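Make the full structure from the sequences, and use the hints.
Each chain, written out:
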Amino acid sequence: MTIRRTLFWTSALSIAMLVTATDLSRAASEYGRAPEFAPLATPPGIGLQPLGRAQGFDLGKQTAAALNRAEIAFTTVSGLTLYTYVPNPAGKATCANECAENWKPYLVDTGTRVFGPWSSITRDDGTKQWAYDGKPLYTHVKDVDPGSVNGNSPARFGGRRKNGVGEYVGGGIRGSGARNAKPDVPLPAEWKVALAYPVSNMIVPDGVSIKEVPDATGIALIDHTGRTLYALKGRPKKEALNSPWVPATAPQLAKPVGHFTFAKRPDGIKQWSYLGRPLYTYVEDLAPGDAYGAGVDKQIEVAAVVRYYMPADVSIQRTLGQGNVLATKDGKTLYRRDGFIYQSGGGHSLRRGQPPRPAVGRDIGINARCDAACSKVWHPFLAPADAKPQGFWNIAPRPDGTRQWVYQDYALWTFDGDKAPGDMNGNDAYMTAFSEEAAPKSLLDFGTPADGAPALVWAIAIP
Amino acid sequence: MRSAAALETRSYVVSYFGQAAYSEEGDCPGGINPTIEEQYLKNLAALGYNGTEIEAFAKKAVEEGGNDIERLMYERGRIDGKPINPYVYPETVVDPKLVALTGKYAYGFDLDGRGVDDPDGFTDPETKEAGIDNQFFRAFGCVRPYRGSLAGRPTYWAWAWGQLQDSQPAWLITLSGEDLDKDGEVTVTFDRALEHLKSNSDGSPRHDVSYRIDSDPRSHNVFRGEIRDGVVNVTEHGNFRMLQNPLVAPELNLKSTHFRFKFRRDGSAEGILGGYQPWREIYFAFASGGPAFEVCITGDIVGLYYLLKRNADADANPTTGQNDDISASYQVEAVPAFAVPATDIQRKAAVGG
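As you go down the protein sequences, you meet chains A and B in turn.
For the first sequence, the numbering used here assigns the number 171 to the initial residue and increments by one for each residue that follows.
For the second sequence, the numbering used here assigns the number 7 to the initial residue and increments by one for each residue that follows.
Derived from the structure by calculation, the hints contain no laboratory data.
Please read these numbers as outputs of a predicted model, since none were measured by experiment.
Heads up, the beta-carbon is just placed ideally off N, CA and C, and yes, glycines get one too.
Among these hints, one or two may not hold up.
Capping the alpha-carbon separation at 30 Å, the derived lysine-lysine pairs in BS3-like fashion look like this [claimed, not checked]:
#1 A/Lys611 <-> B/Lys315
#2 B/Lys66 <-> A/Lys352
#3 B/Lys261 <-> A/Lys546
#4 A/Lys332 <-> B/Lys88
#5 A/Lys407 <-> A/Lys434
#6 B/Lys134 <-> B/Lys110
#7 B/Lys261 <-> A/Lys589
#8 A/Lys611 <-> B/Lys66
#9 B/Lys88 <-> A/Lys352
#10 A/Lys611 <-> B/Lys48
#11 B/Lys103 <-> A/Lys611
From the structure, some residues in chain A lie toward chain B, with a derived Cβ separation under 10 Å [said to hold, decoys possible]:
#12 Ala208
#13 Tyr512
#14 Gln513
#15 Ala608
For each label pair, taking beta carbons as the anchor points, the in silico distance ranges come out as [what the hints assert, rightly or not]:
#16 B/Ser274 <-> A/Lys434: 51 to 61 Å
#17 A/Val247 <-> B/Val100: 45 to 55 Å
#18 A/Pro569 <-> B/Val237: 54 to 64 Å
#19 A/Pro569 <-> B/Val346: 43 to 53 Å
#20 B/Gly57 <-> A/Ser612: 29 to 39 Å
#21 A/Val416 <-> B/Glu14: 41 to 51 Å
#22 A/Gly261 <-> B/Asp74: 56 to 66 Å
Pasting the structure below:
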């Protein structure tokens, strides 16, 4: 009887602490779903795009590794931002008449699988509209470029170029046209961008944050130093002295918060636990954004709040000089064809030294401007026939009927000069151009604006 | 290539790399080329602006900044009378006719073997050898950012190295021979490291640091050489290829590579690397930076184009007759290091997917 009573009061106390300590229990039950560890961020048919300047239209204002993805929106497969309409009750689409002139429902393709927060609602005309957390999703008719919000396209911050409907925008040296760019038209209060990041509906303890960790291909928990947190399946054991896993310790006076409780450890240390999984950092992660512990131990994985979709025929290889890179399933490094951008500091050789710019990836598309010799050794990384766009992955049809994988809007390629996993013998290979004609009959076209003489470069694709 | 009997190996990490300059008083006919501000005013005249208009531009530039002039300069090319980017289409701009150097001395090597009979030959101020081919120095030697000496580095090259040394994968030089303190055969190997140059807290290069050798075959160069009186010289003059950084040039490619390298008492070393370099690769490095480069550091980029093209001295194109390569020499400084092959053992297995 004594044991039973003890158990009863312990359980009651735990429940009371959870209820009083947090609003976060809504994250577990708000939408009638049980919390899930590292769910997929997007179903097939839903994309992800960084908003605003992180699209990389602006040629000159960012230096090495400074292209910050402050916001990542859920999008259509063509990259257009998705919105929710606040007055809509869950499960019902009420934007009609005048509202419907500017906001168009994003419809579900037949046969699309829905899961987790993703669902569909049936509209009055019988069509099915995507919904996230029960809220129907819309596009805005004035959004013509990925990264736009309420018709405000980040393309106007870049060099002179055509926007998504073929109108010239931007201009000036190094995107200095932005100085004259019109200010954003604010989003009406009753509309919200459907954001994948930052994550706003989750409460975390002091000292823990939620950040995008590209190397972990997801949005994950990090500690107060910015290091990626990992979660153990099972109860913690006493770590060996040389263990690479360091318990994420909680203050002795800390209380459980939402999905965060404490793991019982044999050494008495109070260790944070997320969804019942004890949390750790990994000693080889030296900088924020590192996730070198991923895959090291089958029992320990990145404490992801959501994970990005990764095709089954893609792997991540750890390389000696450039950290994690995307690779084929058998380890062949994947590359993107990128436009050269001059950067003070010369950070091109650094990992993420020339940050991917989705706008440039779209400019270049599948046309790598390869001559015959180049085409012999560079090959499109083809997607299976049944592959579908999802998250940061898209598919570009090729003239021969095949389909090429596209990641973060860059078409992906392999290089014959790579023989073993981790080889990057095609990285940083440049094709430069300028004209020596006094009266050229046609102008050079590398597909994307450049400050001076243009160049295309083969660059490793990084997560 | 078979290595010389390698009983001793010494490795170095390059701690400075830039054009080898030897500027002297009076080595430029009519004086040094104009500053970029002065040159821009001349370029306005070439575009057809009259004296009064140019004076008004200059006055406004002094009082309010040079945006108006710069905007015109950024589009000073002309195709059918329409403005065009001059860096992409340098031939659409009237040659500003920057002057080249006429001095007697330049560091380098007698690449073409013509010796004293070479009408363009310099004399090396260090070795006193005549017939030195270094047309790159001749081309840029009267443009301010490229004037200097081995001790007083030219502004452009000092700036470029300052930009790159903390980010560009370091270059490694390994010498192998029977006894590197004695005269004899030596194998000289150039590689690229996975790490950038490590510096002390005062910015000086750190000695005796270990660097991993990048296995990328593009940046692996082996030459046979010899040591005579404490100076290493490459004796088989093949091609040199090293990945660099697009800030200076995506790659450094040389033909007929020459290299001399002498040991200093403190264990460091210095030398000259020379050969024939594709001049278009040099031009691209300047042209890719466009207007920001031109105003801040390089000087008139179109002027540099014409200087390079006029002074290129090797590998004439059979169709056009234009020389494709230009003789060039670079200053190399290096400190002792340990060069460790980045072996397959270090590779880690796939970590996810």
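Agreement of A/Lys611 and B/Lys66 with the hint, judged by alpha carbon distance not exceeding 30 Å: Violated, at about 37 Å.
Straight-line alpha-carbon gap B/Lys261 to A/Lys589, limit 30 Å: 28 Å, holds
Restraint status (C-alpha distance of B/Lys134 to B/Lys110 at most 30 Å): 11 Å, holds
30 Å Cα cutoff - pair B/Lys261, A/Lys546: 26 Å, holds
Given pair status - B/Lys315, A/Lys611, alpha carbons within 30 Å: 22 Å, holds
Cβ distance range 29 to 39 Å for B/Gly57 and A/Ser612, holds or violated: 37 Å, holds
Outcome for the supplied range 56 to 66 Å, where the beta carbon pair is A/Gly261 and B/Asp74: 60 Å Cβ-Cβ, so the 56 to 66 Å window holds.
Cβ distance range 45 to 55 Å for A/Val247 and B/Val100, holds or violated: 51 Å, holds
Chain B contact restraint on A/Ala608 - CB to CB distance below 10 Å: Holds, because the Cβ-Cβ distance from A/Ala608 to chain B comes to roughly 4 Å (cut-off 10 Å).
Restraint status (C-alpha distance of B/Lys103 to A/Lys611 at most 30 Å): Distance ~25 Å between B/Lys103 and A/Lys611 Cα, so the pair holds.
Interface hint status, A/Gln513 versus chain B (Cβ within 10 Å): 8 Å, holds
Hint status (Cβ of A/Ala208 to nearest Cβ of chain B, threshold 10 Å): 12 Å, violated
The structure fails to meet hints 8 and 12 from the earlier list, while all remaining hints are met.
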